[in-house]
Every structure is written in C-alpha cells, then in structure tokens.
Amino acid sequence: MWSSSNKIAAGDVVITWLTRDVIQPFVVTPGKDLNSRYGYYRHSDLIGQPYGSKIGSRNGKGFIHILRPTPELWTLALPHRTQILYLADIAFITSWLNIRPGSVVVEAGTGSGSFTHSITRTVGRNGKVFSYEFHEARAAKARDEFETHGMSDVVTLTHRNVCKDGFTVENVADAVFLDLPAPWDAIDHAKSALRKDRTARICCFSPCMEQVLRTVTSLNETGFTDITMYETLIRPHEVNQLPVLPSIAVASEKLKKSERKREDKRLRQIAQARAKHTEKRKRSDDEGADAEEDRMERKKTKTRNGTDEGEATTQNAWVSATTPDSLAGGDASTQVVSRVMPEVRGHTSFLTFAVLLPRVQASAPDIESALQRDRSDLSSGLSQCD
Amino acid sequence: MTDLVTEGSTKPSTTPKNATDRHHIHEGDFVMFRLLNGEVRSQQVNRSGAITLGRLGSFNADELIGQLYGLTHEIVGKSLKVIPPRNMEDVEDTEATNELINDGMAVQPLTAMEIETLKQSGVHAAEIIKKQIEAHANYELKTEYSKDKYKKRKEAKFLKAFTTVEPTLFNVCEYWFHKDQTRIRDLRIDTLSQMINLANIRPGGRYLAVDDVSGLLVSAILDRLGGDGRLLTICDVDSPPAYPVMTQMNFPQHIVVPILASLNWATAEEDYTPVALLPDPAQESIKSDKHRVRMNKRKATSNLLASARQELFVGGFEGLLIASEYEPMSILERLAPYIGGSASVVIYSPHLQPLTSLQNRMRLDPQYLAPSVTESWLRRYQVLPGRTHPTMMTTGSGGYLLHATKM
Ligand SMILES: C[S@@+](CC[C@H](N)C(=O)[O-])C[C@H]1O[C@@H](n2cnc3c(N)ncnc32)[C@H](O)[C@@H]1O
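Quick mapping for you: the protein sequence lines, in order, are chains A and B.
Under the numbering used here, the first sequence has 11 at position 11, and the numbering climbs by one with no breaks.
Each number in the numbering used here comes from the position in the second sequence (counting from 1) with 386 added on.
None of these hints come from the bench; they were simulated from the model.
It is possible that some hints are incorrect.
Which stretches of chain B does chain A cover? Using the computed rule of at least three CB atoms under 8 Å from a CB of chain A, they are [claimed, not checked]:
{"id": "1", "region": "464 to 473"}
{"id": "2", "region": "603 to 614"}
{"id": "3", "region": "728 to 736"}
{"id": "4", "region": "740 to 750"}
{"id": "5", "region": "757 to 766"}
Computed footprint of chain A on chain B; a stretch qualifies when at least three of its residues, placed anywhere within it, have a C-beta under 8 Å from a C-beta of chain A [claimed, not checked]:
{"id": "6", "region": "443 to 457"}
{"id": "7", "region": "552 to 558"}
{"id": "8", "region": "576 to 585"}
{"id": "9", "region": "769 to 775"}
{"id": "10", "region": "781 to 793"}
Every residue, glycine too, gets a C-beta built ideally from N, C-alpha and C.
I would like the entire structure built from these sequences, with the hints used as guidance.
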C-alpha cells in the first residue's frame with residue numbers, strides 16, 4: 001500500500017499539505033505541473049526529494065509540504081463521493097471489532113473508501129477485506145483507487161446490493177462493518193458471512209436513533225449478543241499565547257485616575273470661572289492675591305504627577321508576581337491557553353456493536369436438559385441456543 | 387449438517403493447541419472472568435490448578451484449557467458446563483404497572499432458611515429462582531421490565547456462572563482502565579485507538595515508543611504489528627521493562643520476542659558509553675566452564691545492547707508514540723532526530739496543559755508540521771427495548787493527544 005521508500009518517485013501517490021483545510025492527493029507524473037495560489041511547481045521537481053519535504057515554488061509564491069500518504073491523511077484528502085468516516089470512529093470501531101493483522105473483514109457500502117483504506121492497512125498482507133457497493137459508478141471509482149494505491153491484493157470490491165443479495169463469502173469474516181441506510185436488512189447476511197468457530201463481531205454505523213433501535217432488534221433476533229452502543233468524538237483545541245490577565249488592581253487604579261481627572265477638570269473649571277470673575281475686578285484689585293492662587297494650583301499638580309508614576313510601578317509588580325514560573329514558551333507577561341474550537345462536530349453516528357458466539361454443543365449428557373428447558377422459559381436471560 | 391460437529395465445538399481434542407492461536411485458552415494464560423454482576427477478575431490458568439472466583443467457589447483449571455474465549459460457563463461441582471449466552475431480553479411493557487404493588491407487603495414468603503435447605507438438597511439455581519417467583523405474591527402484577535429486573539437480580543445471586551473475556555486490545559484496555567486507572571495514566575481505549583491509527587501502525591513498520599503506561603501502549607503496537615516489524619522502546623529502568631499489561635494480552639512469543647527491543651534514557655544517549663560496552667577485564671582470564679558461560683551470556687547481552695543502540699542512532703523510524711511521565715519536550719528533543727520525514731509524532735497526556743505548552747513551542751519549530759491538540763470524547767449507551775439511554779455514570783475524560791508530522 002503506497003510507497004515505503006524515503007524518497008519520492010515518479011508514479012507515487014503523494015499528499016500535499018497546503019493548509020489544514022487544503023490537503024490534496026496527486027500522482028507524481030513527470031511532465032505535469034501543479035499550479036495553485038500557493039505557487040507553481042513541476043512534478044519532476046519532487047522526484048528524488050525525501051518525503052516530508054517543504055518545497056519552494058518556482059515562481060516564489062509560496063511553498064508546499066509533500067507527505068507520504070497514510071490512511072489518516074487519505075481520510076482528510078480523499079475526493080468525497082459520499083459521507084465518510086473519520087479518525088475517531090474508524091479507530092474506535094477497529095479496536096472494538098478486534099481488527100488486526102490477518103483479520104478478514106466484510107464491509108458495506110464502500111462509499112468513498114475512507115474506512116476501507118484504514119482497515120486495509122491494519123489487516124495487512126495476511127488479511128482480507130471484502131467491500132461491497134451497490135452504486136455502480138462509485139464502485140468503479142473505488143476499484144480504480146484501490147488499484148492505484150496498491151491495495152488490490154487485500155481488498156476485493158464487489159458491485160452488489162448486500163441487503164437484497166447478501167455477501168459473496170460465508171463463514172470466514174472475523175468482523176462485519178455496515179455503513180448503510182438500512183443495516184437491519186443486511187444482518188442476516190452478515191451472520192452467514194461471519195465465522196462460526198470463534199467469537200465474531202459486528203458494527204453498524206447509523207446517524208439516527210430510530211435506525212439504532214431497528215438494528216438492535218434485528219441483531220437480537222438474529223442471535224447476536226453483548227449488544228452495546230457508543231458515540232465517540234474528537235474535540236480539537238485551539239492553543240493561543242495571550243497576555244496574562246490583568247488584576248482588578250489595574251481596573252481600580254484606572255477608575256481612581258479617571259475620577260481624579262474629572263475632579264481636576266471640575267476644579268479647573270471652578271478656578272477658571274473664578275478667574276474670569278476676578279478678571280472683571282482686576283482693574284480695581286491689587287495683584288498679590290492672584291499670585292498666591294497660582295502657587296497653590298502648581299503644588300496640587302505636582303502631587304498628582306507623583307501618583308501617576310506610582311501606579312505604573314504597582315502594575316509591573318503585579319504582573320511578575322502572578323505569572324507562574326512554569327509557563328513554557330513566552331515571556332512572563334504572556335500565558336499559553338487553550339479551548340475547544342468554536343465550531344466542532346457534535347455528532348457523527350451511533351456505533352452499535354454486537355458479537356456472534358460460536359454455536360455450542362450441549363456438553364454433558366443431559367440429565368440437565370429437562371431443567372435446561374425449564375430454565376430457558378423461566379429465567380429469560382438464558383434462552384435456549386439456536 | 388456436518389459442520390455442526392466441529393462448529394463451535396469447545397472440546398480440547400478438536401482444537402489442536404497452537405502457539406499462534408489467541409482465541410482459545412492455553413495453559414499459562416491470564417484469563418479475565420466476567421461475573422454475572424459485571425465484575426471482571428483476572429487469574430492465571432495453570433494445569434492441575436484450581437481457579438477460585440470468590441462467592442462462586444472454585445473449579446479445576448484444566449476444564450478451561452482448550453476452551454474458546456467468550457463462552458459462558460456454569461460451575462457444577464468442580465467442573466464446568468458451557469451454557470448459552472444471554473440474549474437481550476425482548477421485554478415488551480404490558481399493561482401491568484407498579485401501581486398495585488404495595489411496597490410494604492410480605493412479597494417473598496420463601497425464607498432464607500428455606501432457600502438454604504433447598505440449596506443443601508442440591509436443587510439447581512434455576513429451581514430456586516422458579517420457587518421464589520412462584521412464592522412471590524405480586525409477581526404477575528409486575529411490569530415485564532421489573533419482572534426482568536427481578537429475575538436478573540435473583541439469577542445473579544444464585545447462578546454460579548461466568549464468561550471468559552477474550553484478551554483483545556479493547557477488552558484488556560477496559561479491564562485495566564477499571565482495575566487500576568492510574569497505572570495506565572488514565573489512557574482510555576478510544577484515545578489509545580486514535581494513537582495507533584494516527585501513528586500508522588501497520589505490519590512491517592518500524593516505530594519508537596515511550597511507554598510509562600504499564601505496557602498498554604506497547605501492547606497496542608505489538609498487537610497491530612502482528613509479528614512483523616520493529617518496536618524500540620525507551621524506558622527509565624536499567625533492566626528490560628516489565629510492561630505488566632502485556633501479560634494480560636497473552637501474546638505468543640513470535641509477536642513479541644523478535645519485534646520488541648528496549649533501551650533506557652542512559653543507554654539511548656549517543657555520547658554515553660554504557661558500562662556493558664566497555665572492555666571487560668574479566669573476559670581475559672577465563673577460569674572455568676561456568677565462568678565461560680557467564681561471560682558468553684554477558685557478551686550476548688552487550689551485543690544486543692550495541693545493536694539496539696545502533697538501530698536507534700541510524701534512525702528513520704516511521705512513528706514516535708509517547709505516553710510518559712516525563713516532560714514531553716525533553717523526550718521529543720532526544721528522539722525526534724531518529725524519526726524519518728513524514729513520520730507521525732503522537733503524544734498522550736492525561737492533562738491538557740503539558741500538551742498546550744508543548745504545542746506552543748512546536749509550532750515555532752519548522753520540523754513539525756501542524757501540531758494539534760485534541761481531546762477524546764466517548765459516551766456509552768444502555769440498549770434495551772424502550773429503555774435506551776446514555777449510561778448514567780461515565781468516565782470523565784479519556785485524555786488528550788498532540789499529533790504532528792515530522793518534516
Ligand atoms: C455513507 S457511504 C459509506 C462511506 C464509507 N464508510 C466511507 O468511510 O467512505 C454508504 C454507501 O453505501 C452504499 N449502499 C447503500 N445501500 C447499499 C446496499 N444495499 N448495498 C451496497 N451498498 C449500499 C451507498 O451507495 C454509499 O456509497
């Protein structure tokens with residue numbers, strides 16, 4: 001599956017990382033160009049470069065990162081033909097279904113192949129994936145893609161309606177995964193695809209609760225047990241380096257300052273009014289009293305300036321005192337904070353799981369069998385096996 | 387149908403013991419037992435040993451060897467009897483309500499003494515339950531739902547049964563999460579699953595890991611390598627790390643031995659020469675055969691160490707996974723030179739702050755593409771007809787991940 005060489009070669013599928021939201025796959029084809037608002041590149045420029053290189057554009061308009069594809073990157077880069085599964089669900093389903101190297105997995109529908117790529121990687125060369133898609137064009141597209149990605153040894157894609165016609169395999173699957181609008185119509189078929197010689201598992205992926213309820217009923221009636229359901233999400237955080245939050249002392253000082261300013265203004269106005277009044281009498285009064293008033297005004301201003309300087313000092317002292325030493329990165333006046341991004345995925349689907357246990361022969365020659373029958377109708381938890 | 391005979395047969399004779407088979411219980415396996423009340427316990431299964439499960443009493447361990455994982459057994463005497471799994475009871479609510487039931491009434495005329503007498507005379511649990519139900523004056527008045535609850539309660543009390551739990555990564559992680567969350571640093575299965583997917587663990591790959599989560603991360607990686615590839619771990623002890631979670635996985639040898647190698651933070655330093663690699667003066671004067679054996683063993687150990695160091699320093703690993711108690715930047719600075727271009731870096735922490743600080747530093751460093759911090763969210767539901775809802779109690783957090791791509 002994909003290249004495992006260190007260096008990019010002609011014909012490789014590579015992923016360009018332009019921004020977090022613009023991640024694109026392409027096949028390195030000498031003679032072709034790559035042109036976007038992140039600059040102009042020739043495919044041939046990439047050949048021989050190590051995977052994970054940052055490549056500058058020919059026209060100096062920017063650069064791109066070239067990555068080796070992984071199923072996780074593919075999920076972010078793939079051409080959407082349907083709704084797809086993302087990391088959180090894929091990873092959880094893979095673990096619950098115990099998909100690992102050598103597993104045989106049945107999957108329907110293929111859709112855009114997001115899930116298919118991930119499990120094909122996980123089951124590896126000794127495993128097998130049987131994938132089904134009833135939409136012909138989609139099936140053809142997916143088949144091409146699997147071929148280009150070197151997955152054809154592991155994945156067998158069949159164009160068929162699994163609800164109507166079932167799967168092409170019997171008694172072999174370790175796990176079945178159903179991402180269909182009506183999974184309950186495929187559960188009987190799933191049962192026949194699953195192996196019966198040890199624990200086999202199923203997952204149905206449905207966005208609506210009504211679908212879950214029908215699925216659960218059908219699983220129960222078909223003989224699946226340990227039915228359970230989960231929802232899982234990944235909440236991305238945004239990290240920021242922000243100024244340390246100011247203390248209320250700052251607010252208080254600011255208020256005091258503006259209060260003083262207002263008071264000064266008022267006093268000035270009074271003084272001016274008085275001055276005007278005095279002006280009128282100036283001609284008749286002597287100059288001594290005027291000079292005295294001036295002196296008093298100057299003294300007041302001096303005191304206020306002193307306070308202003310004092311305030312600045314207080315604020316600095318507060319900043320250094322309340323900044324935790326442990327803050328990594330950034331100086332003492334900033335802090336690293338994080339929060340869940342403002343807009344996040346709130347729901348993908350409900351994951352309904354169940355197991356299919358092997359049919360077990362009654363072990364002891366039965367004196368117990370009468371009681372067994374008894375037990376199954378009286379304690380309904382232990383119904384007779386099929 | 388011929389395949390009915392072999393299908394699901396659990397007799398040891400029809401399941402040849404195979405070292406690579408992880409679906410049957412082998413001698414020496416650590417087996418998880420789920421009791422009817424939901425509690426899970428783990429015990430080693432040794433030939434001719436006895437397994438004691440608290441109130442359920444004990445049975446002969448030989449009875450389990452060769453059995454498939456996942457089956458439900460009833461203890462009968464000292465032996466076991468496979469019983470069918472529990473179906474999800476299809477309980478329809480009937481007209482009966484709890485309206486007419488008087489809580490204070492003597493509803494259970496079968497006294498403790500009478501029950502004891504029944505038990506002594508060898509009456510089966512199912513019989514006792516039946517008798518109790520007959521004696522339960524108001525039984526017919528109960529709703530199907532509460533009848534069901536009543537029966538389950540009684541059943542759990544009298545039936546000596548348990549289910550063996552298959553040691554899948556999911557089940558083992560869940561077992562440890564409930565048993566001793568702190569020893570796995572609260573690493574929950576959804577987060578662990580994301581780690582091994584994000585790091586692109588695949589058969590044949592080569593990975594570097596730091597596991598201070600009792601071997602849970604190592605177990606996950608080994609499980610996904612399936613006996614093909616390489617895992618080099620760096621630990622903080624001077625002998626090979628214990629990784630107790632791995633014991634619970636019951637890995638066959640070939641999944642672990644050729645795949646896993648370990649160095650520690652001293653031996654992983656390029657400028658440091660471990661004592662074992664210094665010329666050994668004792669080597670020169672071999673006195674006895676015993677001495678020679680000891681010397682050869684020493685030599686083998688130091689060769690292994692030298693080659694693991696060589697492997698690390700050559701580098702080119704495809705992924706770096708960290709779930710550690712140490713400061714993540716100090717780990718990253720040491721190990722990043724050994725991973726290749728386009729490799730994934732995945733770091734777990736039960737706390738958000740160490741990862742946000744780390745992200746804030748990594749984003750200034752051009753060798754890391756798009757470091758991002760995420761939180762895992764998981765919700766489990768009770769699914770019963772007419773009574774489907776999220777479980778009332780749940781885990782607070784599954785922890786945080788930082789993921790970036792090495793440039
Ligand atoms: C949501 S998409 C699957 C997405 C896929 N899991 C992924 O990760 O890319 C569902 C697909 O199932 C297909 N489908 C629906 N009903 C089907 C049926 N009865 N048999 C086969 N395919 C079916 C649809 O055509 C569609 O492509």
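Now the hints, each set against the structure:
{"no.": "1", "hint": "464 to 473", "result": "holds (count 7)"}
{"no.": "2", "hint": "603 to 614", "result": "holds (count 6)"}
{"no.": "3", "hint": "728 to 736", "result": "holds (count 3)"}
{"no.": "4", "hint": "740 to 750", "result": "holds (count 8)"}
{"no.": "5", "hint": "757 to 766", "result": "holds (count 9)"}
{"no.": "6", "hint": "443 to 457", "result": "holds (count 4)"}
{"no.": "7", "hint": "552 to 558", "result": "holds (count 4)"}
{"no.": "8", "hint": "576 to 585", "result": "holds (count 7)"}
{"no.": "9", "hint": "769 to 775", "result": "holds (count 3)"}
{"no.": "10", "hint": "781 to 793", "result": "holds (count 4)"}
Hint compliance for this structure: no hint is broken.
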